[in-house]
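Novice: Numbering of the sequence shown is given in the numbering used here, commencing with residue 1 and proceeding in unit increments.
Simulated from the structure, these hints should not be mistaken for lab results. Computed from a predicted structure; not experimentally measured. Some clues are possibly wrong.
[Unchecked claim] With a cut-off of at most 20 Å between alpha-carbon atoms, the simulated SDA-like pairs for lysine to any residue come out as follows:
id : residue 1 : residue 2
1  : K26       : M67
2  : K54       : V43
3  : K26       : E102
4  : K26       : H69
5  : K26       : K54
6  : K54       : V71
7  : K57       : W36
8  : K26       : A14
9  : K26       : L68
10 : K105      : E51
11 : K105      : M67
12 : K54       : N70
13 : K57       : L68
14 : K105      : M16
15 : K57       : A14
16 : K57       : D73
17 : K105      : G47
18 : K57       : Q82
19 : K105      : V50
20 : K105      : R45
21 : K26       : R59
22 : K105      : Y30
23 : K26       : M16
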Amino acid sequence: MERTLFLLEYMSDAHMRQQIRAETTKVESYHQFTDWIAFGGPVLRSGDPVEQEKRIKYRDLVANAVMLHNVVDMTIVLRQLQHEGIRVTPEIVRRLSPHLTEHVKRFGQYFLDMATHPDPLQPQPLFGWAAP
């Protein structure tokens, strides 16, 4: 009964369908992103639940680090565009995604200089509007 009522509401409410599709697209985009990040592919090869959980958590940790880096880079570019006089609106920003992969050397060599610390993050709102 509940499923039938939900399906009837879903079919009759265009706004509800749009919201569900938008959220589903976000989740699918994130899963494609984490599958891309997962070295060796998205398949969990071990049957051990502890190893499976560790793999998922490590993959999500790397995904969050890459997304943070992407957001910082996009924010810097948006601020530069604003300084150049280009109007950056919330509608434009809403269309951006932190799931970018083109700049990531997935199988490259990385050298970490643990003695050098990155500059601290100094989050600031974009000019003219505050984030919701």
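Novice: All the hints need checking, so say for each whether the structure fits it.
Specialist: Hints versus structure:
Distance restraint check for K26 and M67: the Cα-Cα separation of roughly 14 Å lies within the 20 Å cut-off, and the hinted pair is therefore satisfied. For the given pair, K54 sits about 13 Å from V43 by alpha-carbon distance, which is consistent with the 20 Å threshold. In summary, the hint linking K26 to E102 is supported, as the alpha carbons are separated by about 19 Å, within the 20 Å threshold. This hinted pair checks out: K26 and H69 have alpha carbons roughly 19 Å apart, not beyond 20 Å.
Straight-line distance between C-alpha atoms of K26 and K54 comes to about 24 Å, which puts the hinted pair past the 20 Å bound. Straight-line distance between C-alpha atoms of K54 and V71 comes to about 25 Å, which puts the hinted pair past the 20 Å bound. Restraint check for K57 and W36: the C-alpha separation of about 15 Å stays at or below 20 Å, so the hint holds. Between K26 and A14 the alpha-carbon distance is near 19 Å, which keeps this suggested pair within the 20 Å criterion.
For the suggested pair K26 and L68, the alpha carbons sit about 16 Å apart, so the restraint of at most 20 Å is met. Of the supplied pair hints, the one linking K105 and E51 is violated, its CA atoms being roughly 26 Å apart against a limit of 20 Å. Using a Cα cut-off of 20 Å, the hinted pair K105 and M67 holds, with the two alpha carbons roughly 14 Å apart. With a C-alpha separation of about 24 Å, the suggested pair K54 and N70 falls outside the 20 Å cut-off, and the hint is violated.
For the suggested pair K57 and L68, the alpha carbons sit about 16 Å apart, so the restraint of at most 20 Å is met. Restraint check for K105 and M16: not satisfied, since their Cα atoms lie roughly 39 Å apart, outside the 20 Å limit. Between the alpha carbons of K57 and A14 the distance comes to roughly 36 Å, so the proposed pair goes past 20 Å and is violated. With a CA separation close to 24 Å, the supplied pair K57 and D73 exceeds the 20 Å bound.
Proposed proximity of K105 and G47 is contradicted: the alpha carbons are some 29 Å apart, above 20 Å. Of the pairs offered as hints, the one joining K57 and Q82 is violated, with about 37 Å between alpha carbons and a cut-off of 20 Å exceeded. Between K105 and V50 the alpha-carbon distance is near 29 Å, which puts this suggested pair outside the 20 Å criterion. Simply put, K105 and R45 have alpha-carbon atoms about 24 Å apart, too far for the 20 Å limit, and the pair is violated.
Distance restraint check for K26 and R59: the Cα-Cα separation of roughly 18 Å lies within the 20 Å cut-off, and the hinted pair is therefore satisfied. Taking the CA atoms of K105 and Y30, the gap is about 19 Å. The hint holds against a cut of 20 Å. For the suggested pair K26 and M16, the alpha carbons sit about 16 Å apart, so the restraint of at most 20 Å is met.
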